[in-house]
Amino acid sequence: MNGNDCKALLKKIREIDFALQETVLYLDAYPNNRRALAYYQKMKAEREMAVAAYEASCGPLTMYGNVSATSWDWINGPWPWEAEAN
Amino acid sequence: MWTYDKKLQYPVKIKNPNPKLAQVIISQLGGPDGELAASMRYLHQRYSMPYDSVRGILTDVGTEELAHLEMVAAIIHQLTRNLSDKEIADSPFATYFVDHTTGAYPVAASGVPFDMKYVGVKGDVIADLNEDLAAEQKARVTYDNILRLTDDPDVRDPIKYLRQRELVHYQRFGDALRIAQDNLDSKNFYAYNPSFDKKR
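Taken in sequence, the protein lines are chains A and B.
If you use the working numbering, the first sequence corresponds to residues 34 to 119, in order.
If you use the working numbering, the second sequence corresponds to residues 3 to 202, in order.
For the record, the hints were derived by calculation from the structure and aren't laboratory data.
The hints are all genuine.
Calculated cross-link-like contacts (lysine-lysine; reagent style DSBU-like; alpha-carbon spacing at most 30 Å):
1. K44/A with K17/B
2. K44/A with K162/B
3. K8/B with K45/A
4. K15/B with K44/A
5. K44/A with K8/B
6. K162/B with K77/A
7. K40/A with K8/B
8. K15/B with K45/A
9. K15/B with K40/A
Chain B is faced by these chain A residues, among others (derived, beta-carbon under 7 Å):
10. A62
11. T95
12. P113
13. A116
The structure displayed is predicted, hence computed values, not measured ones.
The beta carbon of each residue, even a glycine, is placed where N, CA and C say it ideally should be.
Model the full structure from these sequences, guided by the hints.
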């Protein structure tokens with residue numbers, strides 16, 4: 034997978050995370066809203082798939098996501114605050 | 003505890019360095035209504051918050067503010083890349099540069115370093131949540147003012163995103179205040195602090 038594919042995957046994860054962030058804040062205030070809870074479950078499943086695809090080819094998203102047993106990829110740049118990562 | 007996600011919440015990709023603009027935007031890093039103050043305010047109000055729903059809102063908004071702190075720092079970092087000595091000398095950023103070079107030090111645009119005095123933790127449900135509602139509006143005004151000072155679309159895009167999040171957080175803190183009030187005794191509304199007083 035090349036760098037552009039990884040950027041596209043990261044964009045997808047960002048979009049899913051935005052949907053989840055909004056849903057989580059809403060559910061904190063309205064925990065009995067079943068539509069919001071169903072949407073949360075749907076987006077959570079999408080996130081799991083997208084993160085697995087990203088970490089398999091592009092590197093860890095969290096410190097728990099170093100897939101390789103032979104190289105420590107967690108430290109590989111660019112780091113998020115660098116323009117090249119965005 | 004917290005776990006780091008190795009991505010910005012919303013992308014920051016700035017082509018043209020602009021140290022003068024960085025010195026203004028840095029107020030949202032370490033200024034009175036900045037993201038560091040926001041995160042510290044909400045996360046530290048949690049311990050005296052008696053309602054689970056509001057504990058959740060404070061935790062999740064306080065955590066999101068850390069992601070915003072990182073976005074603001076990324077904006078500062080990218081606006082101060084590859085500067086020549088002359089560009090720095092000719093900019094008001096020179097006074098910051100002499101103390102911090104191009105590091106991201108939490109400071110207000112006026113030069114006052116970050117201070118926990120910006121953060122209200124009163125240990126009272128009504129007082130703390132009203133503080134939070136005001137804080138979100140003050141941060142929104144700061145972003146409005148930043149948007150008046152730049153026409154660079156690379157900077158305006160993430161700043162507009164951050165401004166919009168203040169509005170969403172204001173809505174959720176409005177919900178939090180309603181939840182807290184629903185839990186209070188209407189006959190003794192301001193005399194009883196559920197964070198401290200025992201119910202008789």
